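There are 2 protein chains.
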Amino acid sequence: MPRQITAFSNTLVKQVRALRDKKHRRREGLFIAEGLRILTEAREAGRLPEILFFGEGARHTLLDALIAETEAAGGDVVETNADILHKLSGKDNPQTMLGVYRAFDTGLAGIDRSAAPLWIVAQALRDPGNLGTILRTGDAVGAGGLILVDDCVDPFSVEAVRASMGALFTQRVAAAPWDEFLRWLRGGPGQLIGTSLRAETDYQAARYEKPAFILIGNEGQGLPPAYEEQCDLLVKMPMQGKADSLNVAVATAVMAYEVVNQWRRA
Amino acid sequence: MPRQITAFSNTLVKQVRALRDKKHRRREGLFIAEGLRILTEAREAGRLPEILFFGEGARHTLLDALIAETEAAGGDVVETNADILHKLSGKDNPQTMLGVYRAFDTGLAGIDRSAAPLWIVAQALRDPGNLGTILRTGDAVGAGGLILVDDCVDPFSVEAVRASMGALFTQRVAAAPWDEFLRWLRGGPGQLIGTSLRAETDYQAARYEKPAFILIGNEGQGLPPAYEEQCDLLVKMPMQGKADSLNVAVATAVMAYEVVNQWRRA
Chain X
10 MPRQITAFSN
20 TLVKQVRALR
30 DKKHRRREGL
40 FIAEGLRILT
50 EAREAGRLPE
60 ILFFGEGARH
70 TLLDALIAET
80 EAAGGDVVET
90 NADILHKLSG
100 KDNPQTMLGV
110 YRAFDTGLAG
120 IDRSAAPLWI
130 VAQALRDPGN
140 LGTILRTGDA
150 VGAGGLILVD
160 DCVDPFSVEA
170 VRASMGALFT
180 QRVAAAPWDE
190 FLRWLRGGPG
200 QLIGTSLRAE
210 TDYQAARYEK
220 PAFILIGNEG
230 QGLPPAYEEQ
240 CDLLVKMPMQ
250 GKADSLNVAV
260 ATAVMAYEVV
270 NQWRRA
Chain L
10 MPRQITAFSN
20 TLVKQVRALR
30 DKKHRRREGL
40 FIAEGLRILT
50 EAREAGRLPE
60 ILFFGEGARH
70 TLLDALIAET
80 EAAGGDVVET
90 NADILHKLSG
100 KDNPQTMLGV
110 YRAFDTGLAG
120 IDRSAAPLWI
130 VAQALRDPGN
140 LGTILRTGDA
150 VGAGGLILVD
160 DCVDPFSVEA
170 VRASMGALFT
180 QRVAAAPWDE
190 FLRWLRGGPG
200 QLIGTSLRAE
210 TDYQAARYEK
220 PAFILIGNEG
230 QGLPPAYEEQ
240 CDLLVKMPMQ
250 GKADSLNVAV
260 ATAVMAYEVV
270 NQWRRA
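For the protein sequence lines, the chains are X and L, in the order given. Going by the numbering used here, the first residue of the first sequence is number 10, and it counts up by one from there. Going by the numbering used here, the first residue of the second sequence is number 10, and it counts up by one from there.
What the hints contain is simulated information worked out from the structure, not anything from laboratory work. Note that this is a predicted model, so its numbers are computed, not measured. All C-beta atoms in this analysis are idealised placements derived from N, C-alpha and C, irrespective of residue type, glycine included. One or more hints might be untrue.
Said to hold, decoys possible - So these bits of chain L aren't anywhere near chain X, every CB distance computed over 12 Å:
| hint | residue |
| --- | --- |
| 1 | 15 |
| 2 | 35 |
| 3 | 38 |
| 4 | 67 |
| 5 | 117 |
| 6 | 205 |
| 7 | 237 |
| 8 | 239 |
| 9 | 252 |
| 10 | 274 |
Stated by the list, open to error - One side of the interface only, derived from the structure: several residues of chain X facing chain L at Cβ under 7 Å:
| hint | residue |
| --- | --- |
| 11 | 33 |
| 12 | 66 |
| 13 | 67 |
| 14 | 259 |
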């Protein structure tokens, strides 16, 4: 049976609220995901929350399933009110439920490159919304996951999880410094594909091989030239405008769709 | 010569700060854009600020050009400090300069459809980051502009301008209720292309004609079925994942690149 918590001063409420901070997430090895859609996506991917909060009055057969399975797995199920959900999520219009999940291992060793034809590699990504959006795109194009190179934003941040729309639970996520990633990559098959304004090959003229690793650079600077030099292919997307730039999550998606479209035609 | 303002209580500082609020933007017909890159993009598009704020110590030949041209056009140029720039922008790390611009007319009558082969139409778009990102994509694909249908987020919001990276100044922006847009559209040539999970035609199997109008729906709901029925083409992008969804700005870009790629091949 769910227990009830309605006091702001409750210790659990304070602990979960603290998970909005990266330092606390790291220390506890936990993170927050919100909303029926994302929690259900997680459940279907075989992930249940350690703690499930839901608002009094929330009713849905999918919520019933979440409650039953979380309890059966030994998790903590808590019925609470909108004020506390607001306090936990930091949103003006909080979702009616919220789960606290165990963070995944993000070691490169956990990545089985043969499990998917396509992987996305992001370098020094700074914006959690971009990270989540790229995970969501990865899910749509059948990528295996996202490898975060160098100092990227935390994939377990509330904003990244939210923007991923649940894809954090269906995509593998790894993090590694560039040198370690490159050693790992060259330890097996894999075509490293960089996009660059300096490239001369049109992204539709290149031929992509499996497993393909699409490498994208930081929002402001793009890829460091030394990283571009390590790519097997360096391609450019046509730009007809004045600004000569695309949002990094948009560029990733346009590139990824070109790769899978080539494979669809083959 | 630039004048100096260093007091939080200054009337102009208060008036400009108020422009972060939609109601004030509407009343004053003004909006804020930040940063050398965006202000320069605006200048190159022939738009100068009515008021230009820059931080003491900011030095750049492009800033010199902005100051000279703004003063020559009768604008107000104000040298200020980082604290006030922070107060005006609401960001922890404010840009070193900020412009206050006259809002553009967003009437459909201002759209000359023959000026570009491609236009983007967004319905009930809610997120300013998505709106700005779509403008930026529009610039990159050579679209003429963005038509906002029904109740969309304000294109002049600080977040939308920021995400557009200056494309707000290079793309036309119009806003209209659906009925008015449809009447306008059918008053001339134009292929209305909707994307829908319910569509049967693959987006690469369709043939796109100029001028093409890509219609995209709200972040949560997608397009209303009645709007889909008005489309000349209804296409779907392949989704291989579990979530069956893409971020709306990502979907717009993947669609827009397919359209221009077809035309590049022809």
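Right, here's what the structure says about each hint:
1. 15: For residue 15 of chain L, whose nearest Cβ neighbour in chain X is about 29 Å away, the distance exceeds 12 Å, so it holds.
2. 35: holds, 22 Å
3. 38: holds, 25 Å
4. 67: holds, 18 Å
5. 117: Given that every Cβ of chain X is farther than 12 Å from that of residue 117 of chain L, nearest at about 22 Å, it holds.
6. 205: holds, 15 Å
7. 237: Non-interface label stands for residue 237 of chain L: nearest chain X Cβ at 20 Å, farther than 12 Å.
8. 239: Holds: least Cβ distance 26 Å, greater than 12 Å.
9. 252: Not fine: 5 Å to the nearest Cβ puts residue 252 of chain L too close to chain X.
10. 274: violated, 8 Å
11. 33: Where the cut-off is 7 Å and the nearest Cβ of chain L is about 20 Å from residue 33 of chain X, the hint is violated.
12. 66: Interface hint status for residue 66 of chain X: violated (21 Å vs cutoff 7 Å).
13. 67: violated, 18 Å
14. 259: holds, 4 Å
The structure shown violates the earlier hints numbered 9, 10, 11, 12, 13.
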